[in-house]
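Here the protein sequences come in this chain order: A and B. Start counting the first sequence at 1; every next residue gets the next number (the working numbering). Start counting the second sequence at 285; every next residue gets the next number (the working numbering).
Because the hints were derived from the structure by calculation, they are not lab data. One thing to keep in mind: the hints can contain errors.
[As the list claims (entries may be wrong)] When the alpha-carbon atoms are kept at most 20 Å apart in a straight line, the in silico EDC-like pairs for lysine to aspartate or glutamate are as follows:
#	chain 1	residue 1	chain 2	residue 2
1	B	1195	B	1239
2	B	385	B	453
3	B	385	B	441
4	B	765	A	94
5	B	762	A	154
6	A	110	B	892
[Unchecked claim] Partner residues are not named here, just some residues of chain B that face chain A (Cβ under 10 Å, in silico):
#	residue
7	571
8	766
9	1136
[To be verified] Between beta-carbon pairs, the in silico distance windows are:
#	chain 1	residue 1	chain 2	residue 2	range
10	B	312	A	153	48 to 54 Å
11	A	153	B	598	39 to 45 Å
12	B	761	A	165	48 to 54 Å
13	B	841	A	149	56 to 62 Å
14	A	149	B	852	32 to 38 Å
15	A	27	B	761	19 to 25 Å
Glycine is no exception: its CB is placed at the ideal position from the N, C-alpha and C atoms.
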Amino acid sequence: MSRPLDLSRKQHQQLAETLCKLTKRFNKHEVQCLMKVFSTLVATFPEQRIGIGLDRTKFRNVLHTTFGMTDDMIMDRVFRAFDKDNDSYVNMKEWVEGLSIFLRGTLDEKIKFCFDVFDLNGDGFISREEMFHMLKSSLIKQPTEEDPDEGVKDLVEIALKKMDYDHDNKVSYADFEKAVKVDNLLLEAFGPCLPDSKVQRSGKICSSSLDVASASDQLLQKDLCTYGFPIALLSKSIKRIRSKKHSGVLLMLGCSLNGTIATSAVKRNIEFNCRLLAVAERSL
Amino acid sequence: MGIALTRAAQWTAAGIGVGKLEFTPLNVSLLNSIIKFVEYINSKQPQEAAFMFREPLEWKASLEISAFGADYQISKKTVISKENMDGNPFLIYEASTGVIKVYTFNQLAKLLEIAQIDKLKETQACLEANRDPIAKILGPSFATVEGEDKSMLRLLEKVKKSDEEPEAEVQMKLFLLLQQLDMQLLNASLQKVSQEVRLNPQAIKNDIQLLQSFSGEGDMTVLKSINYTSEYEFSNGCRAPPWRQVYGDICYLIINTHDTDTLYVTCNTAGVYLNGGPIKDSEDIIYDRNGDIYKDLITFLKEKSPTFAENLTRVQQNFALQKKPPPSIRKAQKTEVPINEEFDQSEKFSDYQEKNKFERKKQPQKPKARDTKKEETPHVHKNLEPSNQLPSKEEKTQMKEQDPKKTKQDKENVEIVKAKIYKCKAAQEKKNMLQRITSEGSEELSESSTESEEEPQDMSRQQEYNTDLPSEYWQIQKVVKYLKGGNQTATVIALCSMRDFNLTNETSQLAIREVGGLEVLINLLDTDETKCKVGSLKILKEISKNSQIRRCLAELGGLQIMVKILDSHNKDLKCLAAETIANIAKFRRARQTVRLHGGIQRLVSLLDCVPMLSANLSAEQEKDIEVARCGALALWSCSKSKKNKDAIRKAGGIPLLACLLKSPHENMLIPVVGTLQECASEPSYRLAIRTENMVKDLVRNLSSESEELQMHCARAIFKCAEDEETRNLVRTHFGLGPLVKLVSKSYNKELLAAATGAVWKCAISMENVERFKHLRIVETLISLLVGQPEEVLINVVGALGQLARDQLIRGAIRRSGGIDPLVNLLTGTNNDLLVNVTKAVGECAVDAENMSIIESQDGVRLLWSLLKKPSPDIQASAAWALCPCIENAKEAGEMVRSFVGGLELIVNLLKSDDIEVLASVCAALAKIAMDEENLAVITDHGVVPMLSSLTYTKDDMLRQHLADAVACCYNATFFELPVTNSIVTVL
């Protein structure tokens, strides 16, 4: 496997240490893991220029497969929130920093993160229109209703009533912070933008299913060992597979591991997911 | 005619174009009068009849051409009258289109003749097409205008000015005729309308129902009672006997007001008045009127009873506050008004009535209040049927017909609904109080009763709520809709917004249930979304404080899911689920459900947390402690069932509770001690409390800040101190001092009951009595003998009974004047209390000085009379108490003989099955038999054979006292009996 971003081992170590100091929430091993994941991911698509980082599509892919996000708009916004320097790529530093909030952030940091995600135009306020935009697909459309958007509008009013403390018809950061402090449930009021407890479970599924699969694939088993995955405990958590998505991941794993469609890219993708999930799992 | 047509006639609310006259009795009579008028003019006023209208009356007729006679030129398609003026025919009828134009009354009358049976139809069609015929007949200047009408004056001037114009005079006459018709029509319709205003059985019934719902004892009710004289209701709704119904009597009432004598009232169709009242020794009443007639019951009562009027307004104000719809909605309605035909119509209608009010005032029963009610008609309609703007014709007809009646009913419905709200509230308050008393005040005293008591109340209240729909209801319905049809984001927002409603308010709680919110909330618990679960549980936690909701949740299978959630990894979820379970498990079936689904084990496992005392806990550990607290809360609720107590023990809850008991936090200790005291009714727990060294902690918390905690601790000690060792432990941990301190807090009755109970049980040990003596508890206890609730009294007297075994304390009781109140309590009715009082009196009677006081208070007689009580406990303890009394009384023999039938009574008690009674009676008999004469009397009553029949007993205590008694009676008549042998063996 190529070394991440063509850094020398020493440089790599140093970067890991700097980032570790910077974020404080990950230990050095975890930072290294994440860096490895990052470089793997970047390298998965060789046509991309190596060294710049993850572009939007790839990042969204990560959010979708690993953290179970589905809303395109929210994922775009999460990408923006990660991409601090607005160069349309998430670089290594942004990656680790972003994930530190994403996975282990304090409530305040998460509030800030979520607000940034929800503030679509970045003007420091979540306006009615922005809310409408984010909530418009949140209700099942009744074909019988004369105005299909009425429910959404109503929902926006409810949310505004709940959050707009200074009554200026938009939600400022202060409003948002206050509302979330009063009721934590409002943190992800306009769409899921943080990994939730499901990830924890899916993490277990992935790791254990990998274990199952690994028995049939010596190569991967070796890899898994190097990445420090626990190779015990499995059958129990497999029972928990409920949602299609997770079984899909499993299926993919199974196929790849049986060697039918096991390309190196897929394999790498799996490895990446597992590693990320391991970090996520530990943080939850 | 114009005014009558616009106001009296009942038009349909056609949205666009021509309105239609409805086919109602009122309209038919109107039309008939108009037809008569036309015929009258034609026959009696030929000049006027020939007068040519300014504009023709034009409408669509459905006449056969062939029907027209010789006076008409009949062509294929048209009919033209031969009469004409300046070439204009007076009648033109085009058969193809059906349009007919008529210029004179003459022609109108002829036409009506031609139409024959269709007369009515044609008139109707004519009037429908010409809403204001006068304007057509006399010209637009005569159009019917609301308000002051100057057309008459104008016409007069015109007549004056132009004498030469012959037309004007005719016009004038015609106008006057029309005006006359108008008046006639109005009067006729007025009569019709006013007929309907007479009282009817339904209205009376509604009034009475309404008043009954507001009646009862208490200052806030409008009446004490209101009742019919007869339960039987005839099929027409009257309750008066048929021979009185012919006079219009509907029913007779007996009304008790707060401030007058009983009122005997007749409700007649003509009004409400006082009758002569009941004839003595007979069920009949004097039917004669005795005072003024009032138009309805409410007015009558307002006049008769000032309190009624006052309370009624207060009650109405209460409703006004409750029923106020949000201002925004009102505004919207107001802006809607002008475009709404129906409203227009009904407004006119009410206008008309308003005008008529003046006329109606002259009538004997002028229904003023009814009028105001009617004027509200349009508004009421608006509120009730905002969407029903264009109803079909039939519906409309119906509505119009029922209008006056319906209005009345609507109004009354609203009032009944209000009354129900009021009732609900009162019931709720009462229930809350009851619950507080039963669930906290006497949990351990009547454990099973707490469980069963809830149910009937709930059921009765469930039906009551259906009719009320406050504004919150709609909002909640909307929110629930979003809960149902939204993804998790929308759901979370909806959940948050639902929490903004006042969930402690019963209205919101029941609204959530009504709109199916509970099902959704429970379904959410079964999803994978943590946020939704948290939100849902937060709501459920609040609303499950309502007993009806609790039941619903349990029925919907909510408990099972919540029990499952207890396994979750999320601590918030665990907390919320446990707290909700704590709320729901207030009734037996829920507790059973929790147990059957393994909830107890899970709840017990929640209790397992870090040692409480370790300082600076991490956030995680504090969460754990919170989880444990919630678990304890849930266990507390569950621990009211015996099987659950066992389950908690088997799940290993006791050591965990013991561990939590060391916590320094009150909010943790209260549920923990609560659970313990609840469970302490089980011997196994009492043993555990002693062996796990929990007594020490219980004693420590007796000195806590929180009275609730103190109470639970005292209660736990109360229950545990049945046990000798526990009593000693309480003493060795210096618990008696704090208990004595608690006893002096006489303002908190529950605490007082618990503390005195603990004192009572602790005082069973003589060592404790010794200690109490030093703590000078006797004075405090004696001060509590007066003016306390029974629960306290039982314990206080019990404690005194135990303490009085000590010589010094007996003296102290006497010195602080405790004997008198004790003897007075012998007249009580509570069995537990009587058992304790007799014991205390008996103990006190051991001192001769005390005895003299008891004697002077006639205490012995009171004790003796207690032997008559059916309860064997009382019989036994009374008999025990009698022993020292008889022993210490001066001239005891004389005293005993003075109780008429007393000796027979006590001898007969030997027939009892209860060993305790038998033993005590034997002991008493032994004392009685000390006196020769009494011995003779009891021997006469056959004491010897009875005693001898008891000799086969195996009970040692009974044997002892029996032997005593036999020994005392020995010198009497035992010789002849074969029992002597067995007595010898007993001895």
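Hints, verified against the model:
no.: 1; hint: 1195/B to 1239/B; verdict: holds (16 Å)
no.: 2; hint: 385/B to 453/B; verdict: violated (24 Å)
no.: 3; hint: 385/B to 441/B; verdict: violated (31 Å)
no.: 4; hint: 765/B to 94/A; verdict: violated (41 Å)
no.: 5; hint: 762/B to 154/A; verdict: holds (9 Å)
no.: 6; hint: 110/A to 892/B; verdict: violated (31 Å)
no.: 7; hint: 571; verdict: violated (62 Å)
no.: 8; hint: 766; verdict: holds (6 Å)
no.: 9; hint: 1136; verdict: violated (72 Å)
no.: 10; hint: 312/B to 153/A: 48 to 54 Å; verdict: holds (51 Å)
no.: 11; hint: 153/A to 598/B: 39 to 45 Å; verdict: holds (42 Å)
no.: 12; hint: 761/B to 165/A: 48 to 54 Å; verdict: violated (27 Å)
no.: 13; hint: 841/B to 149/A: 56 to 62 Å; verdict: violated (36 Å)
no.: 14; hint: 149/A to 852/B: 32 to 38 Å; verdict: holds (36 Å)
no.: 15; hint: 27/A to 761/B: 19 to 25 Å; verdict: violated (52 Å)
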